[in-house]
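A.B. asks: Guided by the hints, dock chains B, C and D onto chain A, whose structure is given.
Residue numbers (this note's numbering), protein chains in the order written: chain A, 38 to 347; chain B, 38 to 347; chain C, 38 to 347; chain D, 38 to 347.
Hints should not be assumed to be uniformly reliable.
A partial selection of chain D residues facing chain A, derived with a Cβ cut-off under 10 Å [claimed, not checked]:
id : residue
1  : Thr-90
2  : Thr-101
3  : Ile-128
4  : Glu-159
5  : Ser-167
By construction, these hints were calculated from the structure, which means they are not laboratory data. Each residue gets a CB set at the ideal place from its N, CA and C atoms; glycine is no exception.
4 protein chains.
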Amino acid sequence: MAAQTNKQAFSGIIPPMVTPLLSDNLTLDVKGVQHLVEHLVSGGVHGIFILGTTGESTSLSYKTREQLIIESCKAVNGRVPVFVGITDTSIEESIHLALIAERAGAAAVVAAPPYYYGLGQEELYKYYWSLADQLTLPLFLYNMPSHTKINIDVKTVVRLSEHPNIIGLKDSSANAVYFQSLCYLLKTNFSLLVGPEEITAETVLMGGNGGVNGGANLFPKLYVALYNAAVAKDFARIDELQNLVMEISTKIYTVGSYGSSYLKGLKGALSALGIVEANIAPPFTTFDEKEMTKVIANIKEIEAEIAKVL
Amino acid sequence: MAAQTNKQAFSGIIPPMVTPLLSDNLTLDVKGVQHLVEHLVSGGVHGIFILGTTGESTSLSYKTREQLIIESCKAVNGRVPVFVGITDTSIEESIHLALIAERAGAAAVVAAPPYYYGLGQEELYKYYWSLADQLTLPLFLYNMPSHTKINIDVKTVVRLSEHPNIIGLKDSSANAVYFQSLCYLLKTNFSLLVGPEEITAETVLMGGNGGVNGGANLFPKLYVALYNAAVAKDFARIDELQNLVMEISTKIYTVGSYGSSYLKGLKGALSALGIVEANIAPPFTTFDEKEMTKVIANIKEIEAEIAKVL
Amino acid sequence: MAAQTNKQAFSGIIPPMVTPLLSDNLTLDVKGVQHLVEHLVSGGVHGIFILGTTGESTSLSYKTREQLIIESCKAVNGRVPVFVGITDTSIEESIHLALIAERAGAAAVVAAPPYYYGLGQEELYKYYWSLADQLTLPLFLYNMPSHTKINIDVKTVVRLSEHPNIIGLKDSSANAVYFQSLCYLLKTNFSLLVGPEEITAETVLMGGNGGVNGGANLFPKLYVALYNAAVAKDFARIDELQNLVMEISTKIYTVGSYGSSYLKGLKGALSALGIVEANIAPPFTTFDEKEMTKVIANIKEIEAEIAKVL
Amino acid sequence: MAAQTNKQAFSGIIPPMVTPLLSDNLTLDVKGVQHLVEHLVSGGVHGIFILGTTGESTSLSYKTREQLIIESCKAVNGRVPVFVGITDTSIEESIHLALIAERAGAAAVVAAPPYYYGLGQEELYKYYWSLADQLTLPLFLYNMPSHTKINIDVKTVVRLSEHPNIIGLKDSSANAVYFQSLCYLLKTNFSLLVGPEEITAETVLMGGNGGVNGGANLFPKLYVALYNAAVAKDFARIDELQNLVMEISTKIYTVGSYGSSYLKGLKGALSALGIVEANIAPPFTTFDEKEMTKVIANIKEIEAEIAKVL
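Chain A extracted, bound-state conformation (with noise of 0.2 Å):
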């Protein structure tokens, strides 16, 4: 086992990045990531995370998955850190995002398991110790059991935070059982982000590090107050803005019929409200007429209610 380093901390609410399209779904608009990256950054978020699972990666041809990391770590021009997703089946095309990664300027990397053959723990964790050792960005691991047929076990994770180039986790499970395992095994120097927003708050009550929610391409400010509080432990606060966010969760997220929805009904709320165009890349397609019509009448309703309170 290699020795244990002074990690970097990561916290807050570092949004993961929606991926703007053009109208044919595939090539990426250039000028939206400006837009929204500006979006964000004036919104006073902690970091940005590209090329996750609401930022399409998988999706996405690797030529798109290039110029995005470019093109996003402009526009950020180092205000905020830039996490980039390297999620990939080969690790040999992984190593080579990171790299991209690495010239543009991110300040680490996150990686979900290799996602097609079914893993077993200790085939996970030799491949994840073998993939740290060939990156020079620190890597984050990412729990997506939902997507990648394998949770990163609570064992794991604490192997893998021996390695000095692992800084973290971004769980997406929504398992607070095992979320409160890791807090209570892991040693401090390894932040734990979660994914879903419906549970920053708690999460962060309870010792995580921050949130990396989808929710926050539309409102940062939002999501950012409600770290906020959540660190100051304002019940009052967090109880107004959890409602909010909770708000987002059942109007607009859950609009169509599929686990897709998630993907569609944020980017379609995007659209109504002018940060970046609906579209979506194959194999999704973006919501038919009545669906978004739905999206925008609930989108401009919780609009108003956040521009209440903040």
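C.D. replies: Frame of chain A, contents of chains B, C and D only:
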């Protein structure tokens, strides 16, 4: 839909009582029941839940289940409310158990979905509505997807909460997004209790009504203190007690190789503390000597640590 | 390990008998049982399996299960062997049902794994070995992973086949690799029966002993003829009959929206043919009129086609 | 819907070719490709499928995938049709690989569902229809639910079979009911190939078009002979050869602890027979010495047995 009535709220620590068995692993240990009930009631618990998953309900014969209901209610003697699990694949048997429970003086019954056939949400909704119609005691829904193969979806819970006889939900899913969605969508006169003790503090902080925590069989006072600290939002105390709860979780419940480790560890620890015997019903078996030695050493250590803070 | 004994082999079509119920959806329809038994025996079946998944075993009260055992055996009156499902989560109740079965004159009992807790293979192995030790009738294992959450792995079946009292396996997994592995690894004095009627022909061709086919409740002669054609390797006849079996599968079992369509369709079709009433026990409900109309039309068409070739 | 065209039928044994790698576990072993292609073609196979699950497609970089397409087609040189896997989460990359395949002279492409996001059947249907619209080579669907998290449901296959450019399905589900339903519902000009070699005989007997069998990398003649025996309905020969196939299945593919045992065992055996090196791409690793010793002993024994009957 039936008109919403004034439903009784239940809150606090309501341990899922283990079922003390004699050494044939089948016969109820009546003295053990009496001893354990005293241990729990004198530990300050707010209620007792018998015939749950921790109580090995489904492994017991119907005769033994009936006997347990009667003996438990007798031992409790009205000091705290008794909740009786009536989970079954046969609605007739569920209703029959509820009748026994009512006669014995129980406060409410608790039912997980019928767990053999795969059900659709609409089928599940109709099942629960019909069951509640046929019960005289109030009913708690019991969400336990890992064991029943079906999640009681948020929308189904909300629809069922309209039934005047359905008064709450015990959620053992550990899914924090599910819990937050219910907190947001449900009316306040519906009790939300959570199963896993690792998340009692955070769910109470966020608006939950309490915990149905297996570890409270061992140390009822610890869990009651944690609940009180969460209600009081006393974070220093929460941290101190949460640490002890996590120690039990990581050192007692994960000693063996399978999912049954929780039950085997819990009963093993109860036996090590002289509370009840470790006997366990088929399809499980008590830990063997090697695992038991580990459990004994760990629980003694934890007992000493708890003594320092309570 | 016990010495291998000479085990009785069972083969042919052994329908999983539906349980005729009165219009309260709970009470056994005793006349229906007698009528259905005559229909099956006169149709030439090689045995009758009661209290399986198709028989709604887990939905019936214990009283009703006992009554069904007694009435079925009485109606069969030794003309064909009766197999009795004793699947339960409580080993005491399984053993009790087996006792009733023995007294009533059943030939063997059939048990799926206990289906509430998640088990490991070693736990499952010990459970079955212990159960078989306590039974006087011979035992068939019953693999039904979609309902029990556990597959009886190939290695576990092979180990259990060493028990002198475990004489066969009913496999409802539809997993053809699993079946071939068992054919290859098991000794010949172990009966392999398969559940899904769509694959009776191919499994018999490849060495299986027969089918436990729900559709044989409707048309016992069709399934017996298909079995005979497979034994005779008469492919022209197999093609002709397999087509009819697939017509039942695609036009009767998939009319509704959920997994329960099989049971609802089967009972609906039995009612349309005047064999038994369509009543079904909770948690399911009989098809509504619209679905029933479709089932009636389809089964009448199929009945006419079958009449042409049998 | 497009008009049904005359689709080319493919049948026989079409091995999913392993990808020979150099000792860095990443670089294509071009000589290995040439050697393996000769071994397969001279073994009488009816086609070669590259970049499937057995071919570690998703573990290879795009550059390596392209190189493999070009080298394989060159080595085959038109002697048998080449099928190229284009499975990817990015439709752009799938289309690009199909273009490379077409230029290299491949006969068809094969695509499993995009495997990161969870899809609904309607989303899957639209995805495949759109993909087929954009391809010039004919397309095989590839059902691999254990790896892609989605089953291509029977109704979806039937709807997709109407596309003039979708000519068949490779099914690796091992679900015999699924296979029978497709045989019954699909028009005859749609090729049904099955993955698991354990069921090649039975599916060909029942109307399937052939097998995409990993073991044919080792002993192409054995699988061709089994296919021929099944076509001829020669049961004595089927029994003899099926036994050997099952010996490979049980003694080579299950030596290790995880799902990866199949791939590790297959490549280990290929190396033992001097056909290609055992090198395997991350996230997997080659068997260690102990496991390899077992594989070597077993494959030598099997080789000797095969020599007696072929």
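A.B. asks: Now tell me, hint by hint, if it's right for this structure.
C.D. replies: Now the hints, each set against the structure:
no., hint, verdict
1, Thr-90, "holds (8 Å)"
2, Thr-101, "holds (8 Å)"
3, Ile-128, "holds (4 Å)"
4, Glu-159, "holds (8 Å)"
5, Ser-167, "holds (7 Å)"
Violated hints: none; the structure is consistent with every hint.
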